Structures are given as structure tokens and as C-alpha cells.
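**Student:** Top line first, the protein sequences correspond to chains A and B.
Each residue of the first sequence is one higher than the one before, counting from 167 in our numbering.
Each residue of the second sequence is one higher than the one before, counting from -1 in our numbering.
Watch out, some of these pointers could steer you wrong.
[Unchecked claim] Derived Cβ-Cβ restraints for the label pairs, each shown as a range:
#1 A/Gly231 to B/Ser93: 50 to 56 Å
#2 A/Arg261 to B/Ile77: 24 to 30 Å
#3 B/Gly166 to A/Asp425: 40 to 46 Å
#4 B/Gly162 to A/Arg175: 24 to 30 Å
Please keep in mind that the hints were generated in silico from the structure rather than gathered at the bench.
Everything numeric in this text was worked out from a predicted model, so none of it was measured.
Think of the CB as a built atom: it goes at the ideal place given N, C-alpha and C, for glycine as much as any other residue.
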Amino acid sequence: MNTAIATHRLTKYYGRRCVVNSLSLQVPAGAVYGLLGRNGAGKSTTIRMLLGMVHPTAGSAELLGQDVANLSPELRGRIAYLAEGHPLYGWMSVRDAVRFARAFYPGRWNEQLLGQVLEHFELSPRARTRRLSNGQRAQLSLALAIAPDPDLLILDDPTLGLDTVVRRDFLESMIQIIQRQGRTILFSSHILADVERVADRIGILVDGVMRVDCPTDQFKRTVRKVVVEFASQPPAFPGCRGLVNAWALGRQLELVIVDFGSEQQQVIESLKPLSWDVVELNLEDAFVAYTRGPKRSLPLFAGAVEDDSSTRGQGAA
Amino acid sequence: MIRALVVKELREAGWVGLAALGAGLCHVAAKTGTRFFSWFPGYERYSTGLSFDDFASLQTLILVLAAIAMGLWQTAWEIQRGTFLYLLHRPLKRSTIMLVKLFTGGTMLLVAGGLPILIYAWWATEYGKYAALSQWSMALPGVEILLTLTLVYLGAFVSGLNTGRWWGMRLLPLCAVGIPTLLISIFHRWWLFGLPCLVLGIIWLASDALWQARVRDY
């Protein structure tokens, strides 16, 4: 199996703050990889390190088999990158932006594909990019990114700031492009529905640490919420293998557990609960459970219902 | 590729060059007694003597401001807008992209600053314009200053790339070039001593710009 993206203990410190912590990642060629995480989790920094825009404090990364510290222009030409916010030169018209981008890819530029995409998005060649909406800028950026027929696409939160309809349209176009060419795509997002629709593998960054790296379906299948009912105040949960999060909610104890099985069942039953129930989580709930940490809702709104003081810390998955 | 980059830089930072050229030409018009430009500083209706020195002083101020604006616009402004992420991902060496920026910006400044000096010198040396004798060589101090000011441009360019939490630290290269620029511009035998120092300064600052562009985070 060829590896399109590989990182080895990639680490970045800004001052004393560790933004990305010892990230080791393997993305096979042809995969669509969704990099998830909350704001400030380290997604953009990771992507920028992959592209040589940010220098890692430690560790290394390879794209298409080449160390990113010395990415050659030829290899860079095979990698498309959509930066967050879709930066384009505002004074350029769509035609200027195409002309400018095309100049860097002699022999690789697929004018026919670009024309089709621009026509599909109904982007006027004369429109100034500064006058385009966020959605149109995203569409133009995507069109410019795929025109050189890249082997690897790296997209930093490509649907950020887009409304639901444009987002869906953008993603469907992305899916078509993926199906058409079978390329490797890595994209970051915190919109779970987007990831669920597109990615066949996900990674979840929590405070710079890669907590999950597995196929999307496997993640949804293995993360479970267990609701344990007690006659009175729930006891402190002693912990078990695969525990992600545990918190008390009135007379209930809610647990998020990876790979729930007989071992975890025994621990729960040892607490002598009235009843317990296993609830399946969708990707969004599983993601929230994974990334939320000990803080839950604001005490102002939750005081009557939740008992935040009994919230437990995160466990290891 | 290079042509696309040059065109982009001309389109993007050209306004600085045009503004400097416009101000310089207004200055020339005022110094040559064009009545319409009587509002411009340095206006002389009936000039009685050579005034290359006067001309050079205001022209220097215009060019210093233009050099700072050009250097910062090509770097700090591009970083601020996030377009450096787009630009630096083009399949070219980072050093090539930066050298094209430097070459284009520097050329724009030299043209914008040199043209008014040439026009003024041409006007002054024309028979009958001045009571005193005037020669092309009298414009050389202006040319020397113009060339020396490339250090200010490079200092601003490096400052735009410089990282630092505090603005003062970022602007350090720009502030630091002030004294060498002043010293080089007042060398007595400029072409013999000033020019080699200037070339060394340009090489040093351009190397620093390339190094900053390579090691900084975007």
C-alpha cells in the first residue's frame, strides 16, 4: 500500500504552548481523510507543517514520499492546497486568477476540466475575486486547485463560512472530483456532516494530540454512550479500559466508551445500578464526546439539571 | 512563471511606484517653475541658481517613503491577507519567488525615482534655462542617493518578513539600515567607496530576506 502522507512524531510549539504533539499519521494513497478537531486543536498548523509553511519543532513529515522540509517545485506541482479562507488576490478577475495559476503548471493544466467546473459553478470570468461571495471564492479555489490534475489535495476547512446549500454543492462537487480521479484527499473540518459524507478515514485532534485515527465507520461503530441509572446520587466511576468521558447527570451516570464489551460491563455492574443502557452515537455525538473535555454546558443554564462538580476527567481511548 | 509573478507584483505594488513617480514629477514641475504646480513644495518661479541639492532633498523624502511602503506592501501586507499561503505553494523555489519580488520592487523604485531626476537634469542642462553653467554630472548626487535608498527598501522588505511579537522588533531591520544608508550616501568619493559598500549592503539584506522567507512560519 502506497502512503501519500506520513508524519513521524510531528510536533510544534509556539513559545511554551504545544500546538501539535507528537503526531504520527499515515494516509494511504487514494484515501479521503478527514482531519477533525475543535477550534485551536492544531488542524491548520498540522496542514501548514505538511506543506512546509510552518516548520515543525520536532519530527518529520513526508508527502508522496518526499520530506516536506525539502519539497521540490515538481512535487509541489502535484499537490493542491486550499488554505483556510480561500485566499486569492482581490484585484484579479476570475480570468486573471486562472491565467496566473495556469502559468505555473505548463503541461499539467486541464483547461477542459477547469472550464467545466467554472461553468458548473456559473463563475463569470470577468468577476473580480474580491466581489465574489465566500462560496464562490471557495468554488474558484477548488477549480484552480484541481485544474493541474494533482495527485494529492490538502484542503484546510474548505467549507468554513459557507451556507448549507453552497456547502452541500461544494462537497458534492468534491465527491465527483474524487470519484472521477481516485486521488488522495486530506481535509480538515469541524462540520461533522461534511466529513461523514466524504471521508473514508478520520483523525481527531484534541489539544494537538491525535486521539483517533481510524476508518469513519469503525469510529461510529466502536464509540458508545452508556447511561447508567442509580437509585440515588451516582458513585464515582472507577474507570475502565476505553473510557473517554464520564459525567453525572442527576441520578444518571453517562459514560462514553470505546469498544464496549464484557470487561466494561463488569465494571458497571459492580456499581450495582438500577439499570444501564447502551446508546449508539452518530459521528457528531461521538466527536463531541471525544473532544468536549470536562467542561459541559454553562452552569447558568445547567445548574438545575446537571451536576458539574461530579464531572470526571477524560480517560484514554 | 516568472513573467506571471512579475506582472502580479507590478499590478499589486505598482501603485507605490506610480505614487512616487507622480510625486517626483510634480516636484520637477514645481522646480522648473510650472505655474500650475505652485502649490507643490519647492516651487521656484524665477530660479536664479542651480538647485540640484534642493531637488534631491525633497526627492529623497519621497523615495524614502516609497521604499518603506513598497517593502512592507510586498511582504507584511501579503502575509496579513493570507495570500502568501497561496503564492508560496506555487511550484517554484521560495527563493525564486522572493527574488522576483525584490527585483520587481527594486526596479519599480529605481524607475520611479530615477525618471524625475533625469527629467530635471535634462531640463537644467538645456541651454538658457539657468544663468549658471550646468552639467549632467551635477545630477549624480541625486542618482547616488537614489541607489543608496535601495537599502531602505530592502530593510522594509526584511521587516515585513521579520517575526516578532512586538512591532518594534519587527521594524528593527528597517531602523537599522538608517545609519548605514546615511553614511553611504555621504561618502566623498561615492563611486569608489560608497558603491562597493552599497553592493555589500544589498547582498547582505537580500540574503537576509531570503533566509527570513525560508525559516519563518506562515
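**Student:** Work down the list of hints and note, for each, if the structure agrees.
**Tutor:** Each hint tested on the structure:
Checking the proposed 50 to 56 Å range against glycine 231 of chain A and serine 93 of chain B shows it is violated: the Cβ atoms sit about 23 Å from each other. Checked against the hint of 24 to 30 Å, the pair arginine 261 of chain A and isoleucine 77 of chain B passes, with Cβ atoms roughly 26 Å apart. Distance hint check: the CB atoms of glycine 166 of chain B and aspartate 425 of chain A are about 55 Å apart, inconsistent with the given range 40 to 46 Å. As the Cβ distance of glycine 162 of chain B to arginine 175 of chain A is approximately 28 Å, the hint placing it in 24 to 30 Å holds.
Hints 1, 3, counting from the list given before, are not met by this structure.
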